[in-house]
Amino acid sequence: MLEARQMRITILFGLPALVFMAIIFLYPILGVFNQSLHTIDGLFTWEGYVELWGSRLFSKVLLNTFEISFEATVLTLLLAYPIAYYLAKQEPRARAFLMVLILLPFWTSILVKSFAFTVVLGEHGTINSLITLLPGIDRGPKMLFNRMGVMIGLTHFFIPFMVFPILTSLLAQNPDLAKAAQLMGSGPVRIFTRITLPLSMPGVMAGSLLVFIISLGFFITPALLGGRKDLMMANLVDFYTRETLNWTLASSISVILLVLSLFLIFLLSRVPGGKSVLGEGN
Amino acid sequence: MAAVEKPVGSAGSPAAIFLKVTAWFGFLFLLMPSFIVVPMSFGNQYEMVFPPDSFSTYLYEQFFFQSNWMDATFLSFRVAISSTILALVLGVPAAYSIVRGTYPGKRYVAMFLMSPILVPIIVIALGLYLYFASLGIVGTEIGLIFAHTMFTTPFVIVTSMAGLRHVDQSLETAATIMGAGVMQTFFKVTLPLLKPAMFAGALFAFLMSFDEVVIAYFIADTGRMTLPVKMFNSIQWEISPVLAAVSALLTVLSLFVCVLAASFQKKS
Amino acid sequence: MAMVRLDKLSKNYGDVVALAEVDLEVEEGEFMTLLGPSGSGKTTMLNLIAGMIAPTSGQIFIDGRDVSTVPPNKRGLGMVFQNYALMPHMTIFENIAFPLRVRKTANDVVKREVGRVLDLIQLPHVADRKPRELSGGQQQRIALARAIVYNPSIILMDEPLGALDKKLRETMQLELKRIHTELGITMLYVTHDQEEALTMSDRIILLSDGQIEQMGEPDHLYFNPNGLFSADFLGDSNMLDATVESGGETTSVKTAEGLALIAKASAISEPGRSVKVMVRPENVSIRRSEESFDNAMQGKVIDSIILGGVVKHYIDIGRGTAEEQAMVVEELNRPGRTSIRPGVEVTLGWNASDMHVLPLEGRLPDA
Numbered sequence: 001m002l003e004a005r006q007m008r009i010t011i012l013f014g015l016p017a018l019v020f021m022a023i024i025f026l027y028p029i030l031g032v033f034n035q036s037l038h039t040i041d042g043l044f045t046w047e048g049y050v051e052l053w054g055s056r057l058f059s060k061v062l063l064n065t066f067e068i069s070f071e072a073t074v075l076t077l078l079l080a081y082p083i084a085y086y087l088a089k090q091e092p093r094a095r096a097f098l099m100v101l102i103l104l105p106f107w108t109s110i111l112v113k114s115f116a117f118t119v120v121l122g123e124h125g126t127i128n129s130l131i132t133l134l135p136g137i138d139r140g141p142k143m144l145f146n147r148m149g150v151m152i153g154l155t156h157f158f159i160p161f162m163v164f165p166i167l168t169s170l171l172a173q174n175p176d177l178a179k180a181a182q183l184m185g186s187g188p189v190r191i192f193t194r195i196t197l198p199l200s201m202p203g204v205m206a207g208s209l210l211v212f213i214i215s216l217g218f219f220i221t222p223a224l225l226g227g228r229k230d231l232m233m234a235n236l237v238d239f240y241t242r243e244t245l246n247w248t249l250a251s252s253i254s255v256i257l258l259v260l261s262l263f264l265i266f267l268l269s270r271v272p273g274g275k276s277v278l279g280e281g282n
Numbered sequence: 001m002a003a004v005e006k007p008v009g010s011a012g013s014p015a016a017i018f019l020k021v022t023a024w025f026g027f028l029f030l031l032m033p034s035f036i037v038v039p040m041s042f043g044n045q046y047e048m049v050f051p052p053d054s055f056s057t058y059l060y061e062q063f064f065f066q067s068n069w070m071d072a073t074f075l076s077f078r079v080a081i082s083s084t085i086l087a088l089v090l091g092v093p094a095a096y097s098i099v100r101g102t103y104p105g106k107r108y109v110a111m112f113l114m115s116p117i118l119v120p121i122i123v124i125a126l127g128l129y130l131y132f133a134s135l136g137i138v139g140t141e142i143g144l145i146f147a148h149t150m151f152t153t154p155f156v157i158v159t160s161m162a163g164l165r166h167v168d169q170s171l172e173t174a175a176t177i178m179g180a181g182v183m184q185t186f187f188k189v190t191l192p193l194l195k196p197a198m199f200a201g202a203l204f205a206f207l208m209s210f211d212e213v214v215i216a217y218f219i220a221d222t223g224r225m226t227l228p229v230k231m232f233n234s235i236q237w238e239i240s241p242v243l244a245a246v247s248a249l250l251t252v253l254s255l256f257v258c259v260l261a262a263s264f265q266k267k268s
Numbered sequence: 001m002a003m004v005r006l007d008k009l010s011k012n013y014g015d016v017v018a019l020a021e022v023d024l025e026v027e028e029g030e031f032m033t034l035l036g037p038s039g040s041g042k043t044t045m046l047n048l049i050a051g052m053i054a055p056t057s058g059q060i061f062i063d064g065r066d067v068s069t070v071p072p073n074k075r076g077l078g079m080v081f082q083n084y085a086l087m088p089h090m091t092i093f094e095n096i097a098f099p100l101r102v103r104k105t106a107n108d109v110v111k112r113e114v115g116r117v118l119d120l121i122q123l124p125h126v127a128d129r130k131p132r133e134l135s136g137g138q139q140q141r142i143a144l145a146r147a148i149v150y151n152p153s154i155i156l157m158d159e160p161l162g163a164l165d166k167k168l169r170e171t172m173q174l175e176l177k178r179i180h181t182e183l184g185i186t187m188l189y190v191t192h193d194q195e196e197a198l199t200m201s202d203r204i205i206l207l208s209d210g211q212i213e214q215m216g217e218p219d220h221l222y223f224n225p226n227g228l229f230s231a232d233f234l235g236d237s238n239m240l241d242a243t244v245e246s247g248g249e250t251t252s253v254k255t256a257e258g259l260a261l262i263a264k265a266s267a268i269s270e271p272g273r274s275v276k277v278m279v280r281p282e283n284v285s286i287r288r289s290e291e292s293f294d295n296a297m298q299g300k301v302i303d304s305i306i307l308g309g310v311v312k313h314y315i316d317i318g319r320g321t322a323e324e325q326a327m328v329v330e331e332l333n334r335p336g337r338t339s340i341r342p343g344v345e346v347t348l349g350w351n352a353s354d355m356h357v358l359p360l361e362g363r364l365p366d367a
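Chains as they are written, first to last, in the working numbering: chain X, 1 to 282; chain D, 1 to 268; chain E, 1 to 367.
To be clear, the hints were calculated from the coordinates, so they are not data collected in a lab.
Treat each hint with caution, since some may be false.
What the hints assert, rightly or not - Think about it this way: if two alpha-carbon atoms lie no more than 27 Å apart in a straight line, the pair counts; the simulated BS3-like pairs of lysine-lysine are:
hint	chain 1	residue 1	chain 2	residue 2
1	X	K179	D	K20
2	E	K312	D	K195
3	X	K89	D	K195
4	E	K312	E	K300
5	D	K188	E	K74
6	E	K300	D	K195
7	E	K104	E	K8
Since this is a predicted model, take the numbers as computed values, not measurements.
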C-alpha cells in the first residue's frame, strides 16, 4: 500500500549504483576466480593452485608478505600510538590543527612519498650525505631497494590509518578514571599502563588488523623501494600478468590474497571497535 | 581522555617530554615528503638532491612544456572529473536509498555497494584488466573512467550517508505532507541541504581518482598513461628530476583539497 | 459531516499494539486534542492520519474521502512540527510558498497568499529573512502560516509548542486559538501537557498504551473522569482506598482506616466492592470556624508551598509524610489569609459532589 510505494521508489534510487557495481566490480572479481581455474585457452584446470603449492618462489613471497606486513604493523604502532596519545591530550582546537599534519600526508599521493624517499634514502641521498659528513664514515647504511626502504615506506603510509582508531579509542575514555586514579595516588606512568593502555586496546587491535590487511595487498612500495628479496604477493601478481602472461597463476595468487584478506576482515569485524574502523578505515 | 586541564606538576615530567618528542618526530616524519619536494622542485636539472644547490624553474618548464607529462596530467584530470561526476550521480541517490529507504535486504545492498573497500586493490586491478581485455577496452579512457568510478563510489556513498544523517528528516516529512512527491522532495529539500557533504565528498573522490595508480597501471596503455602511472614508471626505470616538480604540484593539490574540504566542514 | 472519520483503525508492530482499534469522528472546524503520556499512541494516530505510516486495520476518511491507501502528499493536509521543520536554505517567503509552488500556483497568487498569511500571524515584514534569524516563537508561527497557506482541510500539530519556554508557550496557545477561531479550520493537536489540552480544546481524546481512555469536552473529562488514569492525568487528585457501603443519589464508602465518606452518585454501587475515591485539591478546604461539609478528615500539616496565585498544603492523614501519601489541599493565595504552620492539627472538609468513585481497574462506561 502506502509503504510499498515509498519502498519501490527508494529502491529505484539505489538501482543505478547496484547495476553499475555488479557490472564493473562483481563480474570482474568473479572473473578472477574463474580465470584462476582456467588456462588462457579456457580449459578448466587446477594447475594454477597446484603450481603455487609446490612453488618455492610463491612460498618465499607468501612468507615475505606476512613478515613484512607484521613488521610494518609493529613499527607503525610504535610511532602511531605516541602520536595518537599526544593528540588525545591536546585541547580540541590544538588537536584540530595538529590533525591537519596527519591528514595532509594521508591525502598525499603515494608516488610523491615514494619519490621523496628515493631521494632521501638513496646512497647519495640526503641522509647518507649528512652521515658521510661525520669524520671516519665514508658510506652510510643501505636504506633503499631493500627491506629497510620498504619498512620506512610502509610505516610512513600506515601511520594515519593507525592513528585514527587509536585516537578515537583514547578520546572515548572517561577522563574521570584518570582523575580518580591520580587522586588515589597513582603516578602518570601507572595510570597509563594500568588504565589508559588497556582501555585503548580495542583501538590498537582494530588499527593493527586494518594496517596488516592493507599491507598484505600492497604493491607500490615494495615495487619502488624494495629489492628482489622484498617481493610481496601483489608484485608477483604483476609479474605473472605482465612478464609471463600467466593469467592463471596471477589469478590464483589474487584469489588466495582475497580469501586471506576477507578472512582477516571478518576477524576485524569481530574485534570491538573493528566495525567502526571498517566504516572510516578506507 | 577528552582534553583535560593539566593537573599541577605534570607538564615537565620525563614521560611528558618523551611523549612530545616522539610525537613531533612522528609529525615531521609524516610531513617530510610534502616538505622536501617543494624546495627540490626549484633545483636544477642535473642532480636530485635535497637541499638543492641552485634555484631555477627549469623543472617546471620541463613539466609544463614537455608534452608527455602534460598529456598524462590532462588524462588524469579528465578521468578524475568524469569519474567524480559519475560517482556522485550513482552514489548520492544510493546513499539516500540506504539511509531513508525501508525495504527488505537494505543491509545487503549497503554491504554490496561498499564491498570494493574490502577487496585488495591488486585483485580489483587484475579483475578489471582481464575483463577489459575480453571486451577490448584495455587502455581506453572510458574504461579508466568506469574503473575509477567504481573505486570512488563507495567513498561518495559513505560521505553522503554521513551528510544525510545531518539532514533533518522532519523537513522531508513536512515537504511530503505539503504535497511534494518523492522526487520533488529529493531535489528541492534533500539535495540542497546535502551540498556541503557532497562537495567535500566530490573533492576527495577527485583526489582519490587523480592519485590512483594500481588500477590505472594495470589497465593503462603505454600510449595513454595517467600521471601517477607515468610517475611510477619514471621512479622505477629512469628517475627524472621533473618528478620533483610534479610532486610539488601534487602536494599543493592535496593541500588545496584538504583546506577546501575543511572550510566546508566549518560551514555545515 | 465529520471532517475526519477513523473506522476501526489500529496499528500493531508485531506483538506491540501501538494503537488499539479506534472509532472516531472529528467535526469540521473542531479543535481536537490527542492527549496522553509518551507511548500512549497519540503520535501514532496522528501519523496514521497523515499517511506517514500504514494502518494494520481499519480505514481513514478525510472530508468524506477514503484516504487509507492515498500517499501522504496527496491527502491535502497541513502539519506543524515541534522543531518547526522550516527549510533552512530558503527564505521565509519561499518556505511559506513551498506548498503553493508544489501545486504550480501562479506567481502573483503566491505573492498574495503568502502576504495574507503573514498578516494573519502578525509577522508581515520577515519575508526576506532566513529561518535562523527568527526566534523560536516566530519560527513556529511561520510554520503555522506555511501549513495554512494552501487551505488544507485539516491541520495536524505534533506537540508544536514543546520547544518553547513557558511564557512563550502560553502566548502561543492563545495565538493558535485566535487563528483557529478566525479560520475555522479543523485542527488535530497532539500534546502530553494536560493544561494545554484543557486550555485549547473543543474536545479531548485521552490516550494511554494505545487505548482511548476517555473522550469529550474538557470540562466533562475534568469533572467526570471515568477511571484512575483520567482522574490522575488531568489535573491533580487525592486518592483514597475505600470500600463501597451503599449506592443511590450519593455513594457511601468507608476508607481503609474506617472513616465514613460520602461521594457523588456513581455507576459503581455494589456494597463491599473495593474502589478508589478521588477529590481534587482545589475542592478540599481546611475547615475554619463553623463551615460544614459533607466529609471531614483529620490531619496534621506537613508543609505549605506557595505557587504564586495558589497555595498548596500537604497534610499527613495517617498514611505517611511522603508527597504521594499526603492529602493535598489547594487554595487561592490572598493577602491576609491566615497561614497554617507545619505540625498544626487541622480538619479537612469537602463536599460529596466533589468526590468521585473510581474503579480499581478499567474504566467506567461513558457518562
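Checked hints:
1. X/K179 / D/K20: With Cα atoms ~21 Å apart, X/K179 and D/K20 stay inside 27 Å; holds.
2. E/K312 / D/K195: This hinted pair is violated, its Cα atoms lying about 56 Å apart.
3. X/K89 / D/K195: violated (33 Å)
4. E/K312 / E/K300: holds (14 Å)
5. D/K188 / E/K74: holds (18 Å)
6. E/K300 / D/K195: Violated. E/K300 to D/K195 sits at ~67 Å, over the 27 Å cutoff.
7. E/K104 / E/K8: Violated, at about 36 Å.
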